[in-house]
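Undergrad: Taken in sequence, the protein lines are chains A and B. Mapped onto the working numbering, the consecutive letters of the first sequence carry residue numbers 1 to 122. Mapped onto the working numbering, the consecutive letters of the second sequence carry residue numbers 123 to 942.
Incorrect hints may appear among the rest.
Capping the alpha-carbon separation at 20 Å, the derived lysine to any residue pairs in SDA-like fashion look like this [what the hints assert, rightly or not]:
#1 B:K316 x B:L297
#2 A:K34 x B:A929
#3 B:K381 x A:G108
No lab work stands behind these hints: they were computed from the structure.
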Amino acid sequence: MNMLPLTSSEWAPGEWVEIGELEAIPRRGSRVVKTARGDIAVFRTQDDKVFALEDRCPHRGGPLSQGIVQGDSVTCPLHNWEIGLADGRARGADHGCARRIMVKLEHGRVSLAWADLMETAS
Amino acid sequence: MKQRLVVVGNGMAAGRVLEEMLEKAPDAYQITILGAEPRVNYNRIMLSPVLSGEKTYEDILIHDQDWYARHGIALLPRRKAVKIDRAARQVHAEDGTILPYDKLLIATGSNPIMLPVPGADLPGVLGYRDLDDVNAMLKAAEAGGAAVVIGGGLLGLEAAAGLKARGMDVTVLHLMPTLMERQLDPAAGYLLQKAIEARGIRVITRANTHAILGEDKVRAVRLDDGSELPADIVVMAVGIRPNAQLAKEAGLDVGRGLKVDDTTRTSDPDIFAVGECVEHRGICYGLVAPLYEMAKVTAAHLINPCDDAYTGSVTSTKLKVTGIDLFSAGDFNEAKDREEIVLRDAARGVYKRLVIKDDRIIGCVLYGDTEDGSWFFQLLREGTPINDLRETLIFGRGYAGGAPLDPMAAVAALPDDAEICGCNGVCKSKIVSAIAEKGLTDLDQVRAHTKASASCGSCTGLVEKLLTLTLGDGYKPATVKAMCGCTDLGHDDVRRLIVAKNLRSIPAVMQELEWKTSCGCAKCRPALNYYLIATWPGEYVDDMQSRFINERVHANIQKDGTYSVVPRMWGGVTTAAELRAIADVADKFNIPTVKVTGGQRIDLLGVKKEDLPAVWADLNAAGMVSGHAYGKALRTVKTCVGTEWCRFGTQDSTGLGIKLEKFSWGSWTPAKVKLGVSGCPRNCAEATVKDFGVICVESGYELHVAGAAGLHVKATQLLCKVETEAEVLEYFGALMQAYREQARYLDRIHSWVDRVGLANVQAQIVTDAEKRQALYLRFLKAQSFAQSDPWAERVNGAEAHEFTAMADLRMPKMDVKEMA
Ligand code: SRM
Ligand SMILES: Cc1cc2nc3c(=O)[nH]c(=O)nc-3n(C[C@H](O)[C@H](O)[C@H](O)COP(=O)(O)OP(=O)(O)OC[C@H]3O[C@@H](n4cnc5c(N)ncnc54)[C@H](O)[C@@H]3O)c2cc1C
Ligand code: SF4
Ligand code: FES
Numbered sequence: 001m002n003m004l005p006l007t008s009s010e011w012a013p014g015e016w017v018e019i020g021e022l023e024a025i026p027r028r029g030s031r032v033v034k035t036a037r038g039d040i041a042v043f044r045t046q047d048d049k050v051f052a053l054e055d056r057c058p059h060r061g062g063p064l065s066q067g068i069v070q071g072d073s074v075t076c077p078l079h080n081w082e083i084g085l086a087d088g089r090a091r092g093a094d095h096g097c098a099r100r101i102m103v104k105l106e107h108g109r110v111s112l113a114w115a116d117l118m119e120t121a122s
Numbered sequence: 123m124k125q126r127l128v129v130v131g132n133g134m135a136a137g138r139v140l141e142e143m144l145e146k147a148p149d150a151y152q153i154t155i156l157g158a159e160p161r162v163n164y165n166r167i168m169l170s171p172v173l174s175g176e177k178t179y180e181d182i183l184i185h186d187q188d189w190y191a192r193h194g195i196a197l198l199p200r201r202k203a204v205k206i207d208r209a210a211r212q213v214h215a216e217d218g219t220i221l222p223y224d225k226l227l228i229a230t231g232s233n234p235i236m237l238p239v240p241g242a243d244l245p246g247v248l249g250y251r252d253l254d255d256v257n258a259m260l261k262a263a264e265a266g267g268a269a270v271v272i273g274g275g276l277l278g279l280e281a282a283a284g285l286k287a288r289g290m291d292v293t294v295l296h297l298m299p300t301l302m303e304r305q306l307d308p309a310a311g312y313l314l315q316k317a318i319e320a321r322g323i324r325v326i327t328r329a330n331t332h333a334i335l336g337e338d339k340v341r342a343v344r345l346d347d348g349s350e351l352p353a354d355i356v357v358m359a360v361g362i363r364p365n366a367q368l369a370k371e372a373g374l375d376v377g378r379g380l381k382v383d384d385t386t387r388t389s390d391p392d393i394f395a396v397g398e399c400v401e402h403r404g405i406c407y408g409l410v411a412p413l414y415e416m417a418k419v420t421a422a423h424l425i426n427p428c429d430d431a432y433t434g435s436v437t438s439t440k441l442k443v444t445g446i447d448l449f450s451a452g453d454f455n456e457a458k459d460r461e462e463i464v465l466r467d468a469a470r471g472v473y474k475r476l477v478i479k480d481d482r483i484i485g486c487v488l489y490g491d492t493e494d495g496s497w498f499f500q501l502l503r504e505g506t507p508i509n510d511l512r513e514t515l516i517f518g519r520g521y522a523g524g525a526p527l528d529p530m531a532a533v534a535a536l537p538d539d540a541e542i543c544g545c546n547g548v549c550k551s552k553i554v555s556a557i558a559e560k561g562l563t564d565l566d567q568v569r570a571h572t573k574a575s576a577s578c579g580s581c582t583g584l585v586e587k588l589l590t591l592t593l594g595d596g597y598k599p600a601t602v603k604a605m606c607g608c609t610d611l612g613h614d615d616v617r618r619l620i621v622a623k624n625l626r627s628i629p630a631v632m633q634e635l636e637w638k639t640s641c642g643c644a645k646c647r648p649a650l651n652y653y654l655i656a657t658w659p660g661e662y663v664d665d666m667q668s669r670f671i672n673e674r675v676h677a678n679i680q681k682d683g684t685y686s687v688v689p690r691m692w693g694g695v696t697t698a699a700e701l702r703a704i705a706d707v708a709d710k711f712n713i714p715t716v717k718v719t720g721g722q723r724i725d726l727l728g729v730k731k732e733d734l735p736a737v738w739a740d741l742n743a744a745g746m747v748s749g750h751a752y753g754k755a756l757r758t759v760k761t762c763v764g765t766e767w768c769r770f771g772t773q774d775s776t777g778l779g780i781k782l783e784k785f786s787w788g789s790w791t792p793a794k795v796k797l798g799v800s801g802c803p804r805n806c807a808e809a810t811v812k813d814f815g816v817i818c819v820e821s822g823y824e825l826h827v828a829g830a831a832g833l834h835v836k837a838t839q840l841l842c843k844v845e846t847e848a849e850v851l852e853y854f855g856a857l858m859q860a861y862r863e864q865a866r867y868l869d870r871i872h873s874w875v876d877r878v879g880l881a882n883v884q885a886q887i888v889t890d891a892e893k894r895q896a897l898y899l900r901f902l903k904a905q906s907f908a909q910s911d912p913w914a915e916r917v918n919g920a921e922a923h924e925f926t927a928m929a930d931l932r933m934p935k936m937d938v939k940e941m942a
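Between the sequences and the hints, there should be enough to build the whole structure, so can you do that?
TA: Shown next as structure tokens:
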């Protein structure tokens, strides 16, 4: 089944899709962006860096957007795996990786890389 | 004939371009400057010292009249350019002057942003940009009175400090929770606020200006919460906007600022631009260092087309308020895979933080000791690998065996009258002098002589540190288990120090107790958030980002990311109307599972996060509130039917259970708290495996504590027996408060009682009536702030961002147009 009328031109995706203002995301917090391929978690760190990961923990699919953000990692709300925001990788003894989505922050506005959004969810 | 260069704007950037040009090719152009200000070029960044009285206008001149004459430059002050006619290559000034050009340089700087609130145009509302603004402020200051500065950034704070130095009564309003949040992290912002307040300036954060009041001049500022601050002047320093209007009207390419390429040319090759009016590679600058780098390139290209290119700058910030040392540099935004090195010295009020990526410094915040700022900035700009320096880097360039971090510092820095033992009201000096005068050498002796640490024991760590400080290396305190990797202090020490040092925010705790990380971790932040709530009821602002998701959204997360909702069912009693409302909600929101819990109430499982507020609204409408099934808080009060129906009942156990639940719901506690009330010793409500249980008997009520039936089954211990319901409530309130004040985060009542001993708890709650009363009253006070239904707050819009997606990129037609 093809689930992808997403390239339709009236939607006019450039390389980047703007999703809103940096200020819409709480510091040390996260917001969800809905896509046809599932939710994306967009994180903002204490010092205003922005990262995006597929909203699924590599352990058992927990919604990472609901975790506690510390430094540049997030603690999954279900069983406390700690996932690096920059690389999506589990830290410490745990192994696994959440898919990354490239983010651009310009003039206080946040955009996601279209190519990464189009990639099929694992 | 010489080429004609016309310069629009006579500010710092234009001045620097001219200097660069005159040095290399003094005769390249015949130069004319149009300047809107009625004066020569001066050092704008030194306006703050002029305002505060540390400098005069003469001190800050860059080019005097003589300079222009010497170089044959025609300066036309008080003449604003109003039009650029590119076809005719002419600039028109406000007074009708028309200047033809071969090359044009635009250097119009930027304008202060004026908030578009009602009253913003009243006389007495000023920006902070030029000498005229400073003169207006000085005039107002002469009359004394009150000044309100809107904006707690660099400019706002400099204006505030200057006005204060001139004798005004100054308040700074800042929208964000911490000052200068663009340049500083919360720790440095906290120190800065302390320093600003120490000079008598009032700082109000999270302040949203609603309107400026006054008839023919400003009188006051009104905030969104309705409060009013009297003001004789208002200084708006909320930001700057590149001044590119003139260029835009001339048809040049303008984004946020006037766009230039790497040669600083605009979209018209004969027109250059430089300074704050410019947008280069998407960035507009607001500091002089980058403008000077730009000016060099502009000058080179004005003289001759060449290869010089401006490729952007890394900037650093320093606040110019005498006595406050603060430095920040680096772009924290685009970094990935970074680490940090943090140094805090609470006694000296020092905070230093380096952000490292790929073995190089990419960001730097220094507070209190900025001596190494330029060195760090150089390492940052040059991308020097720091691997070899790493261990000692944070101590700075002059490092010579730098002092190791000292876990005793926080205790050493306590004032003499800081209360160490809360239970017995013993202060630091009393303990220290007892140790010295009576020759005490161990903890038991201190307990015997001062009573400190003799009750709940939560100050033991502190007393031991005082022993070490007084006796030196001779005394070895027992090692305290650190709260987490971010600190060497244990939970009890942190709790006591929050009180003793009067710490009222997470950044304050982290700074004063010398946290080793900049923003803590998932272990310490929820604990600190709880300790602060419990210590400063009604005042501390709950930090949602330091709470586990369940407490942040007031529902329990499930394994599939949906939530469960458990409304309170007071004492396990419900009505047909409540049940009907629950059934309606289940139908309306397609809730897959409705289950009776082990705690005598009903759980709605599988609710979508975005539906939560609507579900709660319906439950609220039927009179139900949050059951806190998700919280470190009061959970259920399980009851049996009691005298109301049961043939063995001795008291109204159901009614008492409801009273206890209504009395104590909403309170935040170190861990969850469960109650049971049984009408007779048959104990159908399982009261003897609860945190607090009541067994009713003919002659009154047996109060039991410290039970649990979870991971470890623990039977309760008898606390005491009382005769009336009123006593049950008072004893229970006192117990709750003692537990809230003394237990470590995540310890249930039984862990706390096991640690301090039942006798100790009985001494506080049962034998000492005065102490019981005091604890009970403190609980009542805390409850007065706690008992507001969190569901209703969210139905009314609180934390709305939690329940909506930031963006929805699903195509609307996705639903219908799936292709097979
Ligand atoms: C819903 C419920 C099971 C049920 O369907 O009956 C339940 C469900 C959960 N319990 Fe429980 N417990 C429930 C009654 C109990 C009871 C019985 C009781 O309260 O009388 C106990 C033993 C009594 C006790 O606590 O001493 C109980 C002992 C635990 C424990 C072990 C606590 C301990 O200190 O040993 C945990 C784990 C924890 O809290 O860390 C836990 C944790 C949980 C969590 C919160 C697990 C989690 O972290 O997600 C479950 C949440 C499900 C949800 O979303 O609602 N639950 N849990 C019960 C809700 C009661 C209510 O109305 O609020
Ligand atoms: C109070 C204060 C403190 C500061 N402190 C610091 C600091 O500590 N460190 C730091 O790096 N930076 C600081 N700055 C910022 C710094 O002053 C600016 O970055 C710098 O002055 C910008 O230079 P510029 O030439 O682009 O603009 P400006 O210096 O503002 O010059 C622009 C000039 O153009 C004139 N003009 C505008 N439109 C027209 C027109 N149509 N026709 C004719 N003339 C026109 C204006 O009147 C103005 O004189 C501070 C600024 C202020 C106001
Ligand atoms: S016993 Fe409690 S924690 Fe365990 S599965 Fe059942 S509800 Fe979940
Ligand atoms: S699903 Fe994330 S830790 Fe288990």
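Undergrad: Now, for every hint given, state plainly whether the structure supports it.
TA: Here is what the structure says about each hint:
no., hint, in the structure
1, B:K316 x B:L297, "17 Å, holds"
2, A:K34 x B:A929, "6 Å, holds"
3, B:K381 x A:G108, "18 Å, holds"
In terms of the numbered hints stated before, the structure departs from none.
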